[in-house]
Structure formats: structure tokens, C-alpha cells
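Peer 1: This is what each chain is made of:
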Amino acid sequence: MKPTPGLIIGILLTGLFVAAVALSFVWTPYDVSTLDVAQRLLPPSAAHWFGTDHFGRDLVSMILLGARNSLAVALVAAGLGLLIGVPLGLLGAARGGLVDELVMRTNDLIFAFPSLLLAILITAVAGPGAINAIIAIGVFNIPVFARVARGGALSLWKRDYILAARVAGKGRWLISLQHILPNIAGLLIVQATIQFSLGILAEAGLSYVGLGAQPPTPSWGRMLNEAQTMIGFAPWLAIFPGLAVVLTVLGLNLLGDGLRDRYDPRLAEGRS
Amino acid sequence: MSLLSVDHLTLTIHGRPVLNGLSFTVEPGEIVGLVGESGSGKSLTALSILGLTPPGSVATGAVKLDGQNLLNRPDRDLQAVRGKDIGIVFQEPATALNPLLTIGAQVAETARIHGHSKTAARALAAEALVRAGLSPDLTDRYPHELSGGQRQRAAIAMATVLKPRLLICDEPTTALDVTTQAQILELLKALAREQGCGLILITHDLAVVVGLADRTVILKDGAIVEQGPTVALFRNLTHPYSRQLAADSAPQPATARAEAKGDPLLEARDVVRSYPGAKGRAVDGISLAIRPGERVGLVGESGSGKSTLLRALLALEPVQAGEIALAGAPFRPSGGKDRRVLIQAVFQDPVGSFDPRWRVEDLIAEPLHLSATPVPKAERRARVAALLDKVGLPADAIDRYPHQFSGGQRQRIAIARALIVEPRIVVLDEAVSALDATVRGRILELLDKLSDELGVAWLFVTHDLTVVRAVTDRVLVMQAGRIVEEGPTARVFAAPKHPYTQALLAAAPDLETALAGREQP
Chain B
1 MKPTPGLIIG ILLTGLFVAA VALSFVWTPY DVSTLDVAQR LLPPSAAHWF
51 GTDHFGRDLV SMILLGARNS LAVALVAAGL GLLIGVPLGL LGAARGGLVD
101 ELVMRTNDLI FAFPSLLLAI LITAVAGPGA INAIIAIGVF NIPVFARVAR
151 GGALSLWKRD YILAARVAGK GRWLISLQHI LPNIAGLLIV QATIQFSLGI
201 LAEAGLSYVG LGAQPPTPSW GRMLNEAQTM IGFAPWLAIF PGLAVVLTVL
251 GLNLLGDGLR DRYDPRLAEG RS
Chain X
1 MSLLSVDHLT LTIHGRPVLN GLSFTVEPGE IVGLVGESGS GKSLTALSIL
51 GLTPPGSVAT GAVKLDGQNL LNRPDRDLQA VRGKDIGIVF QEPATALNPL
101 LTIGAQVAET ARIHGHSKTA ARALAAEALV RAGLSPDLTD RYPHELSGGQ
151 RQRAAIAMAT VLKPRLLICD EPTTALDVTT QAQILELLKA LAREQGCGLI
201 LITHDLAVVV GLADRTVILK DGAIVEQGPT VALFRNLTHP YSRQLAADSA
251 PQPATARAEA KGDPLLEARD VVRSYPGAKG RAVDGISLAI RPGERVGLVG
301 ESGSGKSTLL RALLALEPVQ AGEIALAGAP FRPSGGKDRR VLIQAVFQDP
351 VGSFDPRWRV EDLIAEPLHL SATPVPKAER RARVAALLDK VGLPADAIDR
401 YPHQFSGGQR QRIAIARALI VEPRIVVLDE AVSALDATVR GRILELLDKL
451 SDELGVAWLF VTHDLTVVRA VTDRVLVMQA GRIVEEGPTA RVFAAPKHPY
501 TQALLAAAPD LETALAGREQ P
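Sequence order for the protein chains is B and X.
According to UniProt numbering, the first sequence is numbered sequentially starting from 1.
According to UniProt numbering, the second sequence is numbered sequentially starting from 1.
Derived from the structure by calculation, the hints contain no laboratory data.
Quantities reported herein were computed from a predicted structural model and do not represent experimental measurements.
Check each hint, because a few of them may be wrong.
[What the hints assert, rightly or not] Using 20 Å as the maximum straight-line C-alpha spacing, the simulated SDA-like pairs for lysine to any residue come out as follows: (1) B/K2 x X/H14; (2) B/K158 x X/T95; (3) B/K158 x X/L316; (4) X/K337 x B/L174; (5) B/K158 x X/G303; (6) X/K337 x B/W173; (7) X/K84 x X/G56; (8) B/K158 x X/D349; (9) B/K158 x X/P318; (10) X/K337 x B/K2; (11) B/K158 x X/V351; (12) B/K2 x X/G56; (13) B/K158 x X/G56; (14) B/K158 x X/A434.
Bound-form chain B, shown alone (with noise of 0.2 Å):
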């Protein structure tokens, strides 16, 4: 089957933005931890192509950077949820009954949550910063990854080749292991890659807020913050930020519909 053009895109897009991250780790235009108060609110130029602050810090350096801190919180809240969510999905799954229940149940009850909102209570709670951003934001991540993997679970569990397993004497942990989990792994590679661009909004959302990761480390949401006050003279200091959440964003979620499309096997039946 051909790539759609969404997919390819968000390949694209997806693919800039990790080499944004891994370009930081080797070249930024310039140094961002000294300040030059004398180089501050440049608009852009060729010597800074998207401007620098009102510390006179360089903005595609800035931009680099707060893409290395995206990706960490967002990979790894994904990371949580997947860890945690997929296994709490399978036992339900494999068990049924008051085990399902309870896991599902206790799903809901986060689920009921704003998100948002419970991720500024912990961080409330527990203190601002990028460690408890992450835990925040995976706390979210697990009932999404906790109820693909029993949807998709439950509906393995009804055929053949599972009570052949379970002829064979595999009990119901081997059997998630070794058909339900590599059988479901499309749905869930499609559901982390929503997930993760889900975790680079939130994580916006809470630097935003004062609440992600703290000065000096560069962050997109912090920079969005920052610029509100200078918006009017210093319109260049929201504009790339914000387009670089955007990009990353659609990018991500135009590479995981696209997966889902190839792979969801629901909307296969209805295209072929």
C-alpha cells in the first residue's frame, strides 16, 4: 500500500524535530547560557535567523534546546504510560472478572480528571520541575495505553490459536506475552506516537504555567510564556516557539494516523 500524504508529512515533520534534538546535543548557532544584553529583541536576520530575546539569547539555539526538553518529558511520560498502562491492559484482558473491574474502574477515575488540571496539582503539590512534569503527565498515559491493550487484547482472546495456546499449557501471563502482546504492538506503537505528541502539548502547557522544567533550561512553553508581555514589539519571540509546538505536533499526529491507518485493522476491512 502507498504512504498517504499525511503519513508522509508527518514523517517529515516528525523527523525535523528529531533532528533538531539530535543536532542540539552537537551545534547550536550559539552559546545560550551567557547573556548579552547588548544583542537583546533582535528581529530577525542572517546573523539570527529567528531573532534573539530580550536577554539577547539567540532563538534557534533556544528553539534547539527546548526541543531536547520536549522530547525528554514527552518520551518518557509516554514511556511510563506504555510500562504501566499495557501491562494493567493485559491482565484485565487475561483475567476478566472483579481483576478487570478494578483496573478499569480505577482508569476511569483518572480518566474522569481533566487532565490538565491533575498535572498542575501534582506539579502543585510536589513542586515544580521537569522530573514531576513527567510523572504528571504519565500518570495520564497509563489508562489511555491500559485500555488499547485490553480492547485489543479482548479481541484476541476469543480465537483459536489462544486455546491452542492454552492446550498447549501456557498460562495466561505466557499466552499476553507471546500472542496477544506482538499482535497488539501496532496498536500500540500508533497510540504512543499520539501519546508522545499529547506529552509535548502538556509539557508546553505546564512550562507555560511555571509549573515544567526551570530557567535556565530552554523550554518551548517558557518561551511562549515570556513572549506574551513583548508580543507587541517582539512579535518573533511567539511566533517560532509557537511554531515549533505546532509542526511538532501535527507532525506526530499526522505519523500516527497514518500508522493507525496501515495498521488498524478495523479500518482496513472498510478500505480494501
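Go by the hints and put chain X onto chain B.
Peer 2: The following block gives chain X in isolation, referenced to the frame of chain B:
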């Protein structure tokens, strides 16, 4: 002039020839059977007539309905024909109906599409449902509230609401039990005779065709090998393929073997199993015993509780009362892992019984998980290779994936998987029901051979009486959770005692009986 005349119909899909110069006709009121093994082009012939061939198809020749060529006409023209002049009924009544609409609304929809007013469509629908043998109070039911047979009747009502001149039925009874099948076939026959519509009956079951069709067309690899008036044709088959097809459709009864002796291998004593919310017990006090080397058939229609009993016998689900014993000791879902090695199973679905991501080697070797000590890799591979040879699969199959095999080959893989731990008893759950006669014949031969070689006992759980008759020594007939009759297969088939067994046997299509029946004036 014929109602339908198919003239040198040739079809290629992406350049690959699938139909090759088919010519046959259907007269008004005539039933024409289209038979052949799977892949012979039966369904594609029907789809070509309707102009519903898959993308990439190129058709040549002619398909004339009342002298008007339908082939390669624009889809708009054909939409006016489909449903109005030609109706179609598919195999699976569960998926042919929209679950969100009542059957009355669905039948009326066809009439609405062809320009009838809402009230007229409703009236036509009510009439069609009654004609299809459904009582008027079922009109407002949803498909899930109906039985399989009722759903197929609704599908027939949908196809015949506008009294089409031609009705195409693609395996209309394959998914149904024998008694329901007999009723549906009776209905189709009445529709053809009373409405005078031509009927194309596509099936892999020769007995069905012989019982019903006026003329039969036998297909092989997209070409017609023989056709003619049904009875004359089957009394005098000339092509070796047709003869093989007929032979496989009417397998010889199993040769009598010495009665099995010894202590029971697998035993059920007063087993009861019911599900919460369901009325009645799925399994209601069943006792049975299977001795070493015995071949036993467990026959029942869908809903008789045989699948539930099977899961209990395999200790996959607990029983609420009674006991399952394997080799003289209780066999329950918890514990008993050491004795699972004695009992293995082959499941119905040749597609769903394998993890699509596993290679044949790993699939067949999966039950080795039961070995007390881990089996070394080299030995594992050698054992799988030996079994592949035993079940008649090529040696290179070992590194391939299940989707690369045909249905029959997959069931061979499933049999190999069941045998790798050298069990004493193998349960076969409708293991050959999804296969067509020729492939089924080969698999039954294989099972027969393996049974003699390995001395393993088989329990055939099936609704297919032909299979039971061909391979079992003893048969148990199950109805509504109970065993209503039990005895040596030859005796039960010759002189069934219980009314239910009698009804089952009377409804089961049999090639020879059907032929004899048709010859009488």
C-alpha cells in the same frame, strides 16, 4: 430465449486469468447448480453476472439477461438491474444483514431504492418476509434477535422483495445446521417453482445440488469440465475431476473395527455447565467415556452445547457439577498440567487457529511447552520436520508462515501441532467443516492413517454427519445439553432410535440418497 445466457465469459484480475470461456444458460423457473472446489471460480462467476468483480478485472464474452448484455455496462445501469431483476443471497447470514436496522426496514430498503413509495415498500417487504417463511411479527426484529435460519430467510426476502427474474444463491446454507439447511433449500425450490424465477445455486456440497438443481455445471480452475441435467450428469460422470468430487462427497462408511477395550482414557461423569444469564444449562448432566484408540463422533447442531462440553473435556473451563477424568485421575483447569500432554485438540478455523506472526516450526512446537524438561532446539526442529512429513507437508514448510498455506494445508499443520507431544487422545472441533469435499477427503484419509499408526483416540465434535459416518466407530448425539442417543456408528445410521437423530439423518444431504430420490417420478 433463455432467461440468462452466459456466453464464453472470460475474466482476468490484474492479468491473471480466473474464468476461462464459461458458457451456460438459465431458463425461467430452472435451478442451475454451480459446483466445484474452492478457487474454482464459482463465486466470481456470480459476481461477474452482477458486474461486481474486484478492481483490476477485465471481462470478455457476454452475460445476457433476456437478451440484453450486462457485461461491461456502466455501474449506473447495473444498479437498476441488481435487486430488481437479479437478487443475490450470500453465505453468511450474520454479516449480510445490517445489525442496526430491523429486517422489515432492510427488506423495504431494496424496494425504496428501486423507486417504490414508503408505504408500497413496506407492503412489499411484509409480503416478501411471509413468502420467505417468516411470521409477520418478526418484521420489527433486529438481526441479532433472530436465529441463523431466520436471518437467512430475511436475506432471501431481501433478495426477492421485487420478485427478481434471476436469484443467485452463493453457498446459502453452508453456515447453517442440517435441519435448517433442509428448510432453506425447500424454500428456494418453492421460490423457483412458484415465482418462476431462475435460480443459480452455488455450493461446494454436491448432495445439495443433486437434491435441488435441474441442471448442474461443474467448474475446475475457472473452466467448465462438465454440465448437463443433474441426474443424468451424476449417473454418468466422465471427467476424472468430477468423479473425484463425487467420491469425496460420499465417503465410504468406516470399516468396522474391533471394539475398543481397556479402561476409559477420557471420562465425563454427570457433567453440568451453565452460563450466568443464559436460560437452561449448556451441558446438562453428560456422561461419556472414550477408550484408548477409539474413534468417537459427538454430533449436535449449533446451540446443542457441544462446544461447551468440549472446553470442559479439555479442562479449559471449570464444570459446575460432575467430573472429568483423564487417564483415571480428575482433570481440571487448575492443576493437571502434567496430564495435558495426554489430550490435544484441532480447532475449526483454519485461519484463526494460528498466530499469524509465528512460523510453522514454532506453531507446531508450541505444545512442547508441556514437556517436563525443555526440548533442545535441534531436537525440536527434527521432531517438527518428522511430523510435517507424517502429515504430508513439504519439508520447506517449516520456515513459512500460516498465511502461505491453503485451508487444507493449515489443518494438516494443526494436526501436526496436536500430535507433537504424542497425546493419547485428540479432540477435533469441526476440524474439517470449513474444507471442501476433496480436501476434506484427503484430511480424513490422513486421520485414518495416523490413527492406525499411532493408536491415538479421536473425538470428532461436529455437525457434519458425513464425517462421522466416514471415520468413527461410535457416535454420541447431543441435543440441548444432553446426549440423546449413543451407539456404534453403523447401527445409529442404519436404525436411529431417538426422534432427533432420525430428524438429523433425514435432513442430512447425501449424494446417493438424493440421486435415488430424484430418479423416482
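Peer 1: Of the numbered hints stated previously, which ones are contradicted by the structure, given in increasing order?
Peer 2: 7, 10, 13
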